[in-house]
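Protein chains in written order, with the numbering used here: chain A, 1 to 316; chain B, 317 to 632; chain C, 633 to 948; chain D, 949 to 1264; chain E, 1265 to 1580; chain F, 1581 to 1896.
Just so you know, these hints were derived from the structure itself, not from any lab. One thing to keep in mind: the hints can contain errors.
Computed cross-link-like contacts, SDA-like style, restricted to lysine to any residue with a CA-CA straight-line distance of at most 20 Å [said to hold, decoys possible]: (1) E:LYS1544 x D:ARG1187; (2) C:LYS680 x C:THR653; (3) A:LYS48 x E:THR1290; (4) F:LYS1842 x A:GLY61; (5) C:LYS801 x B:GLU614; (6) E:LYS1558 x D:ARG1187; (7) F:LYS1842 x E:THR1474.
Number of protein chains: 6
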Amino acid sequence: MKLIETLREGDHVADVYLCKTRQQATSKTGKEYENVTLQDCSGMIDCKIWEPNSTGIEEFGPFDYIYVVGEVTTFQNNLQLNIKRVRVARSEEYRSEDYLPVSENDTKVMYQELRNILRTVKNQWLKALIDRYFDDPAFEEAFCRHSAAKTIHHSFVGGLCEHTLSVVKMCEFYCTAYPYLNHDLLITAAAFHDVGKLKELSNFPANDYTDDGQLLGHIVMGSELIGSACRRIPGFPHRLLSELQHCILAHHGEYEYGSPKKPALAEALALNLADNADAKLETMKEILAAARNKGADEWLGFNRLMESNLRKTGEW
Amino acid sequence: MKLIETLREGDHVADVYLCKTRQQATSKTGKEYENVTLQDCSGMIDCKIWEPNSTGIEEFGPFDYIYVVGEVTTFQNNLQLNIKRVRVARSEEYRSEDYLPVSENDTKVMYQELRNILRTVKNQWLKALIDRYFDDPAFEEAFCRHSAAKTIHHSFVGGLCEHTLSVVKMCEFYCTAYPYLNHDLLITAAAFHDVGKLKELSNFPANDYTDDGQLLGHIVMGSELIGSACRRIPGFPHRLLSELQHCILAHHGEYEYGSPKKPALAEALALNLADNADAKLETMKEILAAARNKGADEWLGFNRLMESNLRKTGEW
Amino acid sequence: MKLIETLREGDHVADVYLCKTRQQATSKTGKEYENVTLQDCSGMIDCKIWEPNSTGIEEFGPFDYIYVVGEVTTFQNNLQLNIKRVRVARSEEYRSEDYLPVSENDTKVMYQELRNILRTVKNQWLKALIDRYFDDPAFEEAFCRHSAAKTIHHSFVGGLCEHTLSVVKMCEFYCTAYPYLNHDLLITAAAFHDVGKLKELSNFPANDYTDDGQLLGHIVMGSELIGSACRRIPGFPHRLLSELQHCILAHHGEYEYGSPKKPALAEALALNLADNADAKLETMKEILAAARNKGADEWLGFNRLMESNLRKTGEW
Amino acid sequence: MKLIETLREGDHVADVYLCKTRQQATSKTGKEYENVTLQDCSGMIDCKIWEPNSTGIEEFGPFDYIYVVGEVTTFQNNLQLNIKRVRVARSEEYRSEDYLPVSENDTKVMYQELRNILRTVKNQWLKALIDRYFDDPAFEEAFCRHSAAKTIHHSFVGGLCEHTLSVVKMCEFYCTAYPYLNHDLLITAAAFHDVGKLKELSNFPANDYTDDGQLLGHIVMGSELIGSACRRIPGFPHRLLSELQHCILAHHGEYEYGSPKKPALAEALALNLADNADAKLETMKEILAAARNKGADEWLGFNRLMESNLRKTGEW
Amino acid sequence: MKLIETLREGDHVADVYLCKTRQQATSKTGKEYENVTLQDCSGMIDCKIWEPNSTGIEEFGPFDYIYVVGEVTTFQNNLQLNIKRVRVARSEEYRSEDYLPVSENDTKVMYQELRNILRTVKNQWLKALIDRYFDDPAFEEAFCRHSAAKTIHHSFVGGLCEHTLSVVKMCEFYCTAYPYLNHDLLITAAAFHDVGKLKELSNFPANDYTDDGQLLGHIVMGSELIGSACRRIPGFPHRLLSELQHCILAHHGEYEYGSPKKPALAEALALNLADNADAKLETMKEILAAARNKGADEWLGFNRLMESNLRKTGEW
Amino acid sequence: MKLIETLREGDHVADVYLCKTRQQATSKTGKEYENVTLQDCSGMIDCKIWEPNSTGIEEFGPFDYIYVVGEVTTFQNNLQLNIKRVRVARSEEYRSEDYLPVSENDTKVMYQELRNILRTVKNQWLKALIDRYFDDPAFEEAFCRHSAAKTIHHSFVGGLCEHTLSVVKMCEFYCTAYPYLNHDLLITAAAFHDVGKLKELSNFPANDYTDDGQLLGHIVMGSELIGSACRRIPGFPHRLLSELQHCILAHHGEYEYGSPKKPALAEALALNLADNADAKLETMKEILAAARNKGADEWLGFNRLMESNLRKTGEW
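Start from the sequences and build out the full structure, keeping to the hints where you can.
This is the structure in structure tokens:
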């Protein structure tokens, strides 16, 4: 299979790709054609079907894996694939993991590392809560395949696991540097802080906001999920639950970022700082990776998240 | 019983009042004394016990109903009660309802009016939810005795019921004026929008924020409570629940007012507008009532909630 | 006459429409053509004159009613009318009311309903002011044909009347629910709160900001107009006028929305709340109406006014 | 007469001062006394009447000129005048100008200078407007005795004239430096920009916000006054009036400072810049003057208007 | 040489222009072509090279002066130059000053006027600092050829000199109007306030942000430069240097405009006011100049800097 | 020596303390007395000298170490020391380190740990810069005795060293977790990020803002200091210096916190995140330490820095 990021003008293509979008269009001269977007793990490419009614063009739709035959051209400095023939692929013709953006780290390894850190939690109630989820293979399966975002940082398969691991490790560091923090509360809150994203974002290949995601948000859904889970653990202290839910509710740190409460506990503050630091440093990593072909002294333009022009650091 | 708002300099007092606070103090000359605040339904008065170790001063604490003997003086233009004797009152000596700020409307009548409007909800699931709560005498008892705030508007016994009724009636008006609104969803959301205040504020006489109130807030607790309740109603449509929870989560309208979501549904918008309008018009009512002795042309000073100097409207 | 919203690809057109805009253009191949926008009460359509110098193309300009002959095609998923022949229509060939967006309610009926409510104002001075305007047929004519906005809510013929009626009715509701409000002042202020829009927006078909509208704004012009009118009513109490003007000046509620004063009187606050509620609920109504062909579970995208993604409420 | 700023501990006082406030009070020991504030052109002093019922204490009230006998003491590092005897002064016993804060410049001279600059306005309509006001002795009298503020910059007799002159002179400078500005419009707008303060602030000695000042504000009142005046000048061009009113309405530059419109014309922008510059540089002048006894290297504390700690400039 | 602003459709061009940008492109039909922008002192024009591989098209790049042969057409209402032949021009074929935007005033005259004002500074240390820079021909050369901005006000050759002169003159006016200001400190600070722009912006023809400009900014670089210079003047008082640097650091007035300190000295405040006034009044001048062909009653659209719709002032 | 935090009502005191402030006052009865504040490393106490003219009261001033004799009383629930005799102490009577707030960690050990980490910097230029400072005993002495703030976090002797070490260690953690960060640049920037505080705050015991601190601030002074130092290292790459200065300038992250630039480099972002995290987690630590006597379920009130009510975490 030829990866999309390796395609060049003039290439002949005859391979399976994931169809992300499909739309009808009409040219200025009144001719009907179609706009299609194809995706694999390395990126996306815009395509045209100039003869949608020709015999080679069979029926297909978004999120179908399709076998396409065509040629690569350039239009306004972008590559474009002109599709001559297309049909839905048979399941034995492709492996879905080749068509989705994935973490550059092995998700299984990351999950194991996360699991090991969580074993350091000694409080019996928090331990019970952690085991109920992280020992459940169905949870592991879902947790490892999910992203942590639709578009920005960690928007790939395994993203939720990778981001959670990073935040948990930073919280571990905080516990060493600031021993007054309650280790068990902080590590547990970090492990579950984005668990609501399992409901906020739909599974790949769509990876888009769900209805509940837009109406309720992952912060409230995560807090409610933990509330239900803890109330099913007999004897779970009410106050401990409230503090755990508070950490989840406050982890965005500011009202305008969707947290209904600002951090009132030291652990809630620490979780907010760790989540924010990982989000920003991972975003910066992805921005710099995307600009890996630019010169060491090139500015990368204004970034809305960072509210700043960004630049690669030099080599002196 | 002599109401606090009727006390005047020189009055002799021998009656039962509710003790709100009690603190020890030392005068500049090194003498120990005590600061006490007493409350009844008409207001509060600052008191001093100048001889805390004299025989007439028996043991008591905050939220005790106490029988006090003393005299009213003035200090820096405020009335002050010098307590000579004090003891905890026996339960037959007072009726607790005389000592708390109460709605000027009959709570039973308001609850009945609210109940009648809620009967217009025809959707079977919403009706089931309403009946489960509003037909429960324990819920009625709690709902009717609760306030809707610690200090500002509706901070009295019955305040939660009165505010909820006002908001429900305004939503009824909206349904008539804007028929595109979904009546059943809007009325149900209005009925439950502040139900989390039952947990956010402790019961009278304390009427103060609870631990959960500060950590989680009434918006999230109300949404979670409705979530639990609906999931216990077999067949309750998931999407209807999400929309109902969204209305509760979004009813403050803005992130900075503690809503983790902004209104995305017309009914969520309408509920937000009704809640805001009643809060502001009731606050204005209480401000003007407190200034009832001021002249028609007096300004009432800057009000932080309204961010404006306020004034009585003239009589021309 | 064929309504624009009913046109379909391939239709032949030979009818009168209102010309909204006309601009010359040059194709990439250097050929001159013209862009024209036509409007009727059901919507607008983009048009091309590919042969502007052909004999069938007579002289015309913006806001002319023109008789056009042409054919409907599609271009980039939008309909487009290719005009073959065009001439200015004779006045007997069209009725101008067919070409403007209009309220779905009968303006005469709305005006009568408004007039009836205003008769409940008993204060002699306010009554005199109301009668001077609302009994004047020229005022009625202007008031009923005007919009309340250029683009957003109530931007149609009759919009000013419809919005004013809605606000007046909500203020009536407030007077019942909060009896401490001064009925006569509030209803009068509501009746006149947007009267400055008669000067801020030009008449249809332009319905655009006037010079004075941009330099002074409807809030200040409305206040000044009421000031002049009241000073011509002998004996009108100065303080009543100040309060009435204050209500008009403060009705946007916030400095950043163009109000030079924040509400200081209960009636000014109530008017602000009613104006805001009608503006938002009417905007929501128009958004949902425009999306009437979308599925019940479709999101409608981010709305700048509401600062939120919006969605239709479900049917369960 | 002994100026208040020259009083020292132990001084005996027997002179006429202006009474600014008078309030009853009760000491901790239950004794009644009175708090009084006296003012002259050099400052204010707090006073006590420890024996309000003694025979030497006659009737008087705020804004009376009173003859007092008493002694100066210190209390908590502030001077305090203990009043032994007091009576209302006879009009021949004092000159009111000795009791009010006044401009350090001669108001007549400033008015003349302003009048001379205004003669450079050649446009016949603007000239007519200026003459109608500035040639009117009653206007001159009012304009010269008024302040430009209640507390901050230019809050003294003559302050309105002094501030207007400063702004007009800065606008003259702008016309030289930026010749594209329309001289006649800018100078006229500058002359009248704060004319609404004649109605917003009451006359001295009160110099406090009027009812209309709080309800309508000097910006809107000034614009309305100019509107009325110009409409009484036959033939005054409508557009010129709109532009003049726009300059007045926009002279605070930002919505949050009470301007209902932001500057749209170059002259409105220039007026806003000149008004802002004079307000800030005069405020700084008054702050530094008040700190004239402080050392050259002392910081003057945080100033809310400037949102900064302030300091005297050094002498090197 | 034919100025770009005088070119009209159909013109034949055979002249030298400055190449600002050059980019390859591909048409929809797959044909390669090139986009080029040419500039002279009167403006810019978009160009196309439809046959980039033809023999007449020689090698060239951005900031080359090139001799082009071609024809002017229109495309979508804009002029466009179709280049047939192009080659790099020889240095004797053009004068670079004809190709850059220049001040409409003579830079030499402005520099002399600035120099004369600076001679009024009498403080020995400030005088030494001024002389060290303004008597240095290399500094004069750089200072006179630099702009004061990349795109907005004063973005032309001589812009830095013109802006500095304007600010210095306004500060002189302030010293007269507010004699408490320290003349020498204010005039010196004004002279150097934007000196950091020599490093923030690269020389013409690029006139773009430098690396240091983006990383450090002209405010900090200007302050550091003055710090180094003064420390090389033996005996320069430390405090005077701190105050001078403070004026430079605070001259944008607000944190969000890049000043790390808010004005704490009267002279820092005055400099901030003068800089702001010149920036805004010059921007307005350039906006009006660009709209010189518009009618006297046309609105100029929303301007982001002024946050307002702008309009020409009328002629009455 | 008796530590101030151990004093109790009735204690007799005869010891040396540091005088922080001294002020004259007059009682209501006209009697002169003095307010004095004494400090040692454990806290502060308010004192009174009721007989300032008695023979035992010798001359002394702020920041003198004084030997006092007196008795501890309580006034309004606070302890107060009534001073009977006082004289300036001889240098052999006290050790100044007993009178200042100090880090709970050994500064020498922290400095050594910091020094060891800095040895991991391998870039020759950055290494040269570090050695020039951190190998200089005078720098070590100053760096170890300084605080990092006047009042909030790290406002004690050794605070600058402790805060710098924390930030450096967090940056080390970041370099491990996000290997794309440039280790040498980030660690060096962290080591010097607050070096300007040596000039912003005066030495203990005053520990107050200096003149330069208020006029220029530690951010700009730190950047300028590094600029001067690097320019004295022959061959130091210009671009490396710019990036290092950028990290220092941007380390507050937002304009409104005094940074003239927002982070544009990954290392500047990381430094900002580490500085912010340590500041907040240390502040929280100090708040909780100050509340160590409060019950586990007590709320600690609203904290302005955190913009939230704060609470201890429970023990379950």
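- Query: So which of the earlier hints does this model not fit?
  - Reply: 1, 4 and 5
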